[in-house]
Amino acid sequence: MTKTKRHHPLLMLIHLWTLAKRFIFFVVYLFVIKADSESSFIIYGRIIIFAAFGIMVITIIWTWFTHKYKLDHKSFHLYKGIFIKSEQTIPFSKIQNVHRHTSYFHRVFKVTSIHFETGMTGEETTVKFEVISHIEADRLEAHIKSTDGDALTTDDVKDTKHANLNRNIHFEPTKMDILKASFTSLSFLILIPLVGSFYSKINGIFHMEKEAKGVFMNIISSEWMVTIIIMVLVIASVTFGIVRTFLAYGKYQISSDHDRIYITKGVIEETSFSISKEKVQAIEIKQSIMKRLLGLAEVKLTSAGSLSSDEETLEINSLYPFLPVKRAYEMVSEILPSYEVKQKMIRLPRKSLWVRLIKPSWIWFIATAILFYFRPSILKVEQAWWILSAVLFILIAVLRLLEFMNTRFILNNQFIQFKTGGMTTSLFISKRDKIIEVKVTRNIIQQMVGLASIGTIHRAKPVHHAGVDDVPLELATSFYHWYMGRKNEIKLE
Amino acid sequence: MIIYKSSSLEIWAVMIIYSQMNMPQKRLSKEAVKVWIISEMIMNLIGFMIIGVLLYLDYFFSWQEWIGWILIAIVVISVLGTVWSFINPLLRYKNWRYDIDEEFLQLKSGVLYEKHELVPMTKIQSVATKQGPILRKYELYSISIETMGSSHTIPVLSKDIAIKLRNQVAHYAKIKEVES
Numbered sequence: 001m002t003k004t005k006r007h008h009p010l011l012m013l014i015h016l017w018t019l020a021k022r023f024i025f026f027v028v029y030l031f032v033i034k035a036d037s038e039s040s041f042i043i044y045g046r047i048i049i050f051a052a053f054g055i056m057v058i059t060i061i062w063t064w065f066t067h068k069y070k071l072d073h074k075s076f077h078l079y080k081g082i083f084i085k086s087e088q089t090i091p092f093s094k095i096q097n098v099h100r101h102t103s104y105f106h107r108v109f110k111v112t113s114i115h116f117e118t119g120m121t122g123e124e125t126t127v128k129f130e131v132i133s134h135i136e137a138d139r140l141e142a143h144i145k146s147t148d149g150d151a152l153t154t155d156d157v158k159d160t161k162h163a164n165l166n167r168n169i170h171f172e173p174t175k176m177d178i179l180k181a182s183f184t185s186l187s188f189l190i191l192i193p194l195v196g197s198f199y200s201k202i203n204g205i206f207h208m209e210k211e212a213k214g215v216f217m218n219i220i221s222s223e224w225m226v227t228i229i230i231m232v233l234v235i236a237s238v239t240f241g242i243v244r245t246f247l248a249y250g251k252y253q254i255s256s257d258h259d260r261i262y263i264t265k266g267v268i269e270e271t272s273f274s275i276s277k278e279k280v281q282a283i284e285i286k287q288s289i290m291k292r293l294l295g296l297a298e299v300k301l302t303s304a305g306s307l308s309s310d311e312e313t314l315e316i317n318s319l320y321p322f323l324p325v326k327r328a329y330e331m332v333s334e335i336l337p338s339y340e341v342k343q344k345m346i347r348l349p350r351k352s353l354w355v356r357l358i359k360p361s362w363i364w365f366i367a368t369a370i371l372f373y374f375r376p377s378i379l380k381v382e383q384a385w386w387i388l389s390a391v392l393f394i395l396i397a398v399l400r401l402l403e404f405m406n407t408r409f410i411l412n413n414q415f416i417q418f419k420t421g422g423m424t425t426s427l428f429i430s431k432r433d434k435i436i437e438v439k440v441t442r443n444i445i446q447q448m449v450g451l452a453s454i455g456t457i458h459r460a461k462p463v464h465h466a467g468v469d470d471v472p473l474e475l476a477t478s479f480y481h482w483y484m485g486r487k488n489e490i491k492l493e
Numbered sequence: 001m002i003i004y005k006s007s008s009l010e011i012w013a014v015m016i017i018y019s020q021m022n023m024p025q026k027r028l029s030k031e032a033v034k035v036w037i038i039s040e041m042i043m044n045l046i047g048f049m050i051i052g053v054l055l056y057l058d059y060f061f062s063w064q065e066w067i068g069w070i071l072i073a074i075v076v077i078s079v080l081g082t083v084w085s086f087i088n089p090l091l092r093y094k095n096w097r098y099d100i101d102e103e104f105l106q107l108k109s110g111v112l113y114e115k116h117e118l119v120p121m122t123k124i125q126s127v128a129t130k131q132g133p134i135l136r137k138y139e140l141y142s143i144s145i146e147t148m149g150s151s152h153t154i155p156v157l158s159k160d161i162a163i164k165l166r167n168q169v170a171h172y173a174k175i176k177e178v179e180s
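Chains A and B, in that order, give the protein sequences.
Under the working numbering, the letters of the first sequence match residues 1 to 493, in that order.
Under the working numbering, the letters of the second sequence match residues 1 to 180, in that order.
Don't read these hints as lab results, they were simulated from the structure.
Careful, some of the hints might be misleading.
[As the list claims (entries may be wrong)] One side of the interface only, derived from the structure: several residues of chain A facing chain B at Cβ under 8 Å: (1) 436; (2) 439; (3) 441; (4) 442; (5) 459.
Note that beta-carbon positions come from the ideal geometry of N, C-alpha and C, so glycine has one too.
Whenever a hint applies, use it, and build me the whole structure from the sequences.
Quick look at the structure:
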């Protein structure tokens, strides 16, 4: 139990800052662009802006005075409201993950922000501290951790503090990893359009103003000069790519202790994420084509709480996105020993390839219809429309073939594991007790050849649907029975 | 040819296994067919009235030719749709099954697109009986069930069964599992 507290006073400053940002457009318009205007619209506009700004500032200050929080041994108590008072109680047991973000602003004032995400639906289900001192944030986090689940005695609290020191670091990227990552993220590709436009410009000068700028052209057209310029560009863009990757993934750290997983990242803006191991709903191992070529993979954790803060859509649930594949699998078993990843899985039968190939493609139909109607001639080829349509058809078929080849599936005790995707593959692993609903569907063609599609729903924000299409019917049936067996794992309250 | 035969035999074997998968047994109220046909007829009637008005306007103001063609296409599709709306309710009724026990709600529906859903009772968050004007006329109810991740409807049930089912689901759903 702690005393009822107000939020950090700097909260007012950050709110003022966002308010100012919101008003800047009006201010510039009314006081700068229309500075000389005498029209009554502008004059009243100025008065309204002044009044609104004043009211907002007062509201911000007043809000700060009324917003308070308190923690007891099992829940948050949040008090707020200027005219309508509200008191909200959020039990710690509902908290799915903790998310901390330190922006430039926070860095300047040596503070941070912390969000406790719950899995509940509806508004205001996140306990947010936009500005909070590091000490207080640590204290809150420790408090919740120590009381998570069952009420612990003070001895246990000491234990968890001790465990805090025993955090296992699983991964910190080496310089080599960052180089690989910057290569995979393709941020260096920005040089291609740059060089392209640069080259075309040189060519333009070369052709059109040959005589006028003869001397200048001698320099610019000489091959070594162009080579040097291109070299500089290449180096610049590669450096740019590496710096960007370094800023995003440089100070990455994945660690865990007995019951939580911690991910920290960011060099300038620091973000950290922690989730209790029991609350990991599923694991996803994703690989794009580039990553497959380089043997890298991304491991994502699914949480029932929301994973990105409001402003940035920065997803922090990902364990390092550029992990070597082998390390990725090892890490899953290190961090989540209760999860089992099987390397060997079952492939789909040949007939599901045919089912996939004969399925009509709406994209192709619509694209062909449009092409047929407009019949654009590309590069003076009149028949371009049906060539394009044919190319699209082949592309779709190849993509479906890839999807078929990549799809795998296995039920392994209480685990379900499936791999899907054409260009980007994703391996999805979850436990029976984490799946909240399943379905088996069969369309008319699947019914004729004895195939079925299976689907699962997981808790996430928004709920996560996953599944495999065109599995053999026997598998679908055993999947259905497998899910019925979840009673073996669930605990009733 | 022989290969084809053996594979079709295999499919039959599989179908038998599939049909053994604890299929839900309970059916909707027999009145479902009637109710669906009535509601479809009302919808069709409204649809045809709108098309009729459009056709008249087309004729009266002599709109462009292509609009007329589109309207004729719509008429053809609607007529086919009307025929289908007499067959569809029968098929829907024949294939709708549901069942509940202490642990699961099972739903099965669809002919061309068969859907088989399995929802744990512990994940059900709310259950309600609902009644539109047509259902009210025949003293029937539909049941809607909301879970954490989705919502389901059991469309047409007789009053006694619907209320009993609702209370039963509510009772089973009270049991909560430890969430983590």
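Exercise. Among the hints numbered above, which are violated by the structure, and what are their numbers in rising order?
Worked result: When the structure is compared with the hints, none of them turns out to be violated.
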